[in-house]
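Novice: Sequence:
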Amino acid sequence: LYVWRRPLYDLKLAGRMCKNRNLHTVLVAQTQRAMAAHDLRALFVMTIPQLRERVTQLYEAAGLAPVYYDEADLQEAVGYKSTSLLGMVEEEVAFEADVFIGTSYSSMTGIIMQERFARGKPKDSTLTFTKTT
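Heads up, the sequence shown stops at 133 in my numbering, and the numbers go up one at a time, no gaps.
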């Protein structure tokens, strides 16, 4: 979190703290390429709340408007908040999305990829961010 939330991104510091130090630098460009290749207009983002402001800034600077689902949304829909239920809802969105892009180091990405393949989603619609642009 510390590296992502700093005003200036320090690649060297990120290399000591993150498994994919380049994710910050490739996130937007690779998302834009995938959206263009699949003619997508909406961007749903799963990330921890502490990173949402920074991720939103990165995407908005490129003209994208990320959408998130929060516990407040869940409370409005079902009448209560639940972190575990929120995670299940986000996973279901990822399972059914036209395209999913995850981080290659994430166990959550692995689970989502397996489920997408089991549900017959096209292989080219399930992607991971790479280390380089």
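Do not take every clue at face value.
Stated by the list, open to error - Quick list of simulated restraints, FRET-style, between CB atoms:
| no. | residue 1 | residue 2 | range |
| --- | --- | --- | --- |
| 1 | Gly79 | Ala37 | 36 to 44 Å |
| 2 | Glu92 | Pro66 | 26 to 34 Å |
| 3 | Gly79 | Ala29 | 37 to 45 Å |
| 4 | Pro122 | Thr83 | 30 to 38 Å |
| 5 | Arg33 | Glu76 | 19 to 27 Å |
Keep in mind the hints are simulated off the structure, nothing from the lab. Since we're looking at a predicted model, the values are computed, not measured. Backbone N, C-alpha and C define an ideal beta-carbon position, used for all residues, glycine too.
Novice: Take the hints in turn and mark each one as holding or not.
Specialist: Tested hints:
no.: 1; hint: Gly79 / Ala37: 36 to 44 Å; verdict: holds, 39 Å
no.: 2; hint: Glu92 / Pro66: 26 to 34 Å; verdict: violated, 18 Å
no.: 3; hint: Gly79 / Ala29: 37 to 45 Å; verdict: holds, 40 Å
no.: 4; hint: Pro122 / Thr83: 30 to 38 Å; verdict: holds, 31 Å
no.: 5; hint: Arg33 / Glu76: 19 to 27 Å; verdict: violated, 34 Å
The structure fails to meet hints 2, 5 from the earlier list, while all remaining hints are met.
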